[in-house]
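> Two chains, two separate frames, one set of hints: put the complex together.
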Amino acid sequence: MDDIKRKYVIPGDVITTGPYRAEDNVHLFGDKIIATTVGISEIYDSGVRVIPLTGVYVPRIDDFIIGMVKSHTSLSWELDINACYPGILPAQDVFGRDFNPKVDELTSRLKTGDLIAARVANSDRSRDPLITIADRDLGKIDDGELIKISPTKVPRLIGKRGSMIQTIENATKAQITIGQNGYVVVSCEEAEGLLKALDAIKIVEEQAHVPNLTERIQEMLGSSSE
Amino acid sequence: MGVRKSDIVLLDDKGIRCDGRSIEEPRRIMIKAGVLKNANGSAYIEFGENKILAGVFGPRDVHPKHLANTDRGILRCRYHMQPFSVGERKNPAPSRREIEISKVIKEALEPAVMLENFPRTVVDVFIEILQADGGSRCAALDAAAVALADAGIPMRDMVSACAAGKVADTIVLDINNEEDQEGQADMPVAYMPNLGKVTLVQLDGVLTPQEYEKCVNTAINGCKLVYEFQKKALREKFFGDSSQ
Chain V
65 MDDIKRKYVI PGDVITTGPY RAEDNVHLFG DKIIATTVGI SEIYDSGVRV IPLTGVYVPR
125 IDDFIIGMVK SHTSLSWELD INACYPGILP AQDVFGRDFN PKVDELTSRL KTGDLIAARV
185 ANSDRSRDPL ITIADRDLGK IDDGELIKIS PTKVPRLIGK RGSMIQTIEN ATKAQITIGQ
245 NGYVVVSCEE AEGLLKALDA IKIVEEQAHV PNLTERIQEM LGSSSE
Chain L
4 MGVRKSDIVL LDDKGIRCDG RSIEEPRRIM IKAGVLKNAN GSAYIEFGEN KILAGVFGPR
64 DVHPKHLANT DRGILRCRYH MQPFSVGERK NPAPSRREIE ISKVIKEALE PAVMLENFPR
124 TVVDVFIEIL QADGGSRCAA LDAAAVALAD AGIPMRDMVS ACAAGKVADT IVLDINNEED
184 QEGQADMPVA YMPNLGKVTL VQLDGVLTPQ EYEKCVNTAI NGCKLVYEFQ KKALREKFFG
244 DSSQ
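Residue numbers (our numbering), protein chains in the order written: chain V, 65 to 290; chain L, 4 to 247.
Be aware that a few hints might be false.
List of simulated lysine-lysine pairs, DSSO-like, C-alpha gap at most 27 Å [to be verified]:
| id | chain 1 | residue 1 | chain 2 | residue 2 |
| --- | --- | --- | --- | --- |
| 1 | V | K69 | L | K235 |
| 2 | L | K68 | V | K134 |
| 3 | V | K134 | L | K40 |
| 4 | V | K96 | L | K68 |
What follows is a set of in silico ranges between Cβ atoms, one per label pair, in the way DEER data are often shown [what the hints assert, rightly or not]:
| id | chain 1 | residue 1 | chain 2 | residue 2 | range |
| --- | --- | --- | --- | --- | --- |
| 5 | L | V38 | V | D188 | 49 to 59 Å |
| 6 | L | Q134 | V | A255 | 41 to 51 Å |
| 7 | L | R92 | V | D207 | 54 to 64 Å |
Hints listed in this document are in silico derivations from the structure and should not be mistaken for laboratory results.
No residue lacks a Cβ here, since even glycine has one placed at the ideal position from N, Cα and C.
Only chain L is shown next, with the shape it has when bound in the complex (with noise of 0.2 Å):
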């Protein structure tokens, strides 16, 4: 019964997409902080489809201690797909694509995180995702974000990540699963919006340099977009409010 996928209209005459959002439109995005009693910080996360729970640990003693450096601490992070996050069960065991975004993740994370600060130690970063759409590693850099907040560890700023992509020869915001799967090109970023700086950049296709500079900068408004959900999610938590 279900459409045949060359049958999805990815982008009609009125620049509407394939999920009724415009060009530049994020999916919707909730982000709730301190979800979890038991790990130091902890953040859940709804990007469009995707439901993602970050808990983070630490700074805390490094097991096995042959991994810990004498001048400043580690950062460690699993990202992982629990069995039903898919449509067809995905084995639990760590693939080759979540061990490769638990990397990212993780170098994304590192130039935000001031593990300078506390060496010998260790802070663990854990993301299971609970449902998978596209976008599933933005969404869990978000959550991990908040998460490594929560837990108090000092940060040189907030990272918030967006994807953009090129979706019929257009370059779109936030591109989601079926976009990803038939779309041109698709460019996750990272960006810490106080310093400007980017974290990560990957591009899965082909763009002009035209496109590849209208991509990022799409993206990174998305990510402003983002960090103004993840500071709600803070505040919230800590202040009570989301007001100023």
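Bound conformation, chain V alone (with noise of 0.2 Å):
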């Protein structure tokens, strides 16, 4: 079951032949399966799929994501996602089930250029992407620093299980929230651990391939604060 095969692939390198489901980044054509994009193919259980390692973000449902208000309508703001569709706020979601357009000023809320935590509700072809802030720890984002990283790198930012993330965040008393969608936000109360934690992430970016990154990024954060 542990026996993940992997390799690195470009668009057209044939990953494998057989009777494997094809998913993520890969099409078949007859029997063989082919890699999409650039990226790591991994062929597990019965599965293939290639870890993309450029590329835009696709929303997907339940994402966690930071979007920024670029306009509003009478009935719903308009986000950048990051992504290549803008994400729709509705105004219900934020003056509750009794919104009322003839009353309610949605720039009283959410002006343009705030930022948002949110959730991708629903993404589908036909339409652009729904986004709620209708839950938990989602809503409007008072403070911090935007960086923006790119897509295919979040997991790296975050590490195995947080790893990466909690180094960072351990060793410049920051607070990090990232969003899938390559949109991360830096909020510290001293300048000194917020510059330190907005260096780490660009190194983070940079050098996501390299192994042994978070025992590096230790290192550095480490020697830098002496």
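Given below as structure tokens:
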């Protein structure tokens, strides 16, 4: 079961042939399973997938994301969620069920440029993704620095069971919120800690492929704090 | 002082061409992926004396909106020659030839790019010819395919392109500028090497059916050679090596 075969692939590379299930970022051509993006292919159990190393964010239902308000209509906000589609946040989500577009002014709650922590409520081919903030820990982000990283580097920034992000948080006393869409908000009471955390995130993004990165970040933060 | 065009020996008795290559030898190829910071994906290619930059944006919102397709994305392509890319200044406005090549490159890439995954969006491919030699459309296609892969746009396969042609009654691979102007036929071919499918064939000149077949096969062999360079470029950028 633990026998996962990994390989570097580019579009068009034949990963394997045979009775495997074609999962993410692969396509079936006859009995060949072919990679569709640059990444690392994984063959496990009966499935084959490619973990992409580059590309845009594709919204998926239940993803935790960070969005920036771009504009609004009388019924909803339009968010920049770093995807090829704008996120739609309906006004009912913020004002509650008794929302009345004649009375309630949307800008009184969220203005252009505001950041929100949100979840993808629905995403399909026919409409722009629907965003919600109706849950615990979701809503407007009051303070912090926004930093944009590639969405494909998000898992690396989180690390195995959150190891990387915990390392950075513990060393800098900063609070880091990571959206699946590659938007990261860092807040810290001390300016020095904030700058260090931002540097560390940039390094993780640039060197995502380097082994033992967590230790190196630990070293960097440990040594520079002295 | 220059040699009169009719004086050029396109193919000598030993099967050596005017630039010293043999019949089935391509020009020097160098591809580099990810050369531009602001584009989502980019590539630079040197194919003989051709020097070409390709940049890719997207998938992103379509503007103007009426161009958007509700059930799949669209691909837009611009092939543009810099004024300094040829001997005599070229007017930077798009010419008839550039508009045609833009269309041809777009249609050669479309079968490979999985646009159905991104409805209502556009993928923009910009190609700038910095220096032109013969066969710039093939080289531009090669760079565009690498740039698309660099941008992380899902593709069924890479697209590799190479020309073949007829020079001094012989079918030769990858014809250069002199051979293009003085030769008897020029045939650019684009090919998806893993799927074994041709996405572009053009022919300027007259060939017999036997010559045509040989010419297509020669060009496809050239595409397979180019594919190795495309692979190498992407591997170098993403995996830091060119090995398997």
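> Each hint needs a verdict: does it hold in this structure or not?
Now for the hints, and whether the structure bears them out:
1. With a C-alpha separation of about 22 Å, the suggested pair V/K69 and L/K235 falls inside the 27 Å cut-off, and the hint holds.
2. For a cut-off of 27 Å, the pair hint linking L/K68 to V/K134 stands: about 18 Å separates their Cα positions.
3. Between the alpha carbons of V/K134 and L/K40 the distance comes to roughly 24 Å, so the proposed pair stays at or under 27 Å and holds.
4. Our distance criterion of 27 Å between C-alpha atoms is broken by V/K96 and L/K68, whose separation comes to about 38 Å.
5. L/V38 and V/D188 have their C-beta atoms about 36 Å apart, which leaves the hinted 49 to 59 Å range violated.
6. At about 49 Å, the beta-carbon gap between L/Q134 and V/A255 stays in the expected band of 41 to 51 Å.
7. Against the hinted window of 54 to 64 Å, the Cβ-Cβ separation of L/R92 and V/D207 comes to about 55 Å, which satisfies the hint.
The structure fails to meet hints 4, 5 from the earlier list, while all remaining hints are met.
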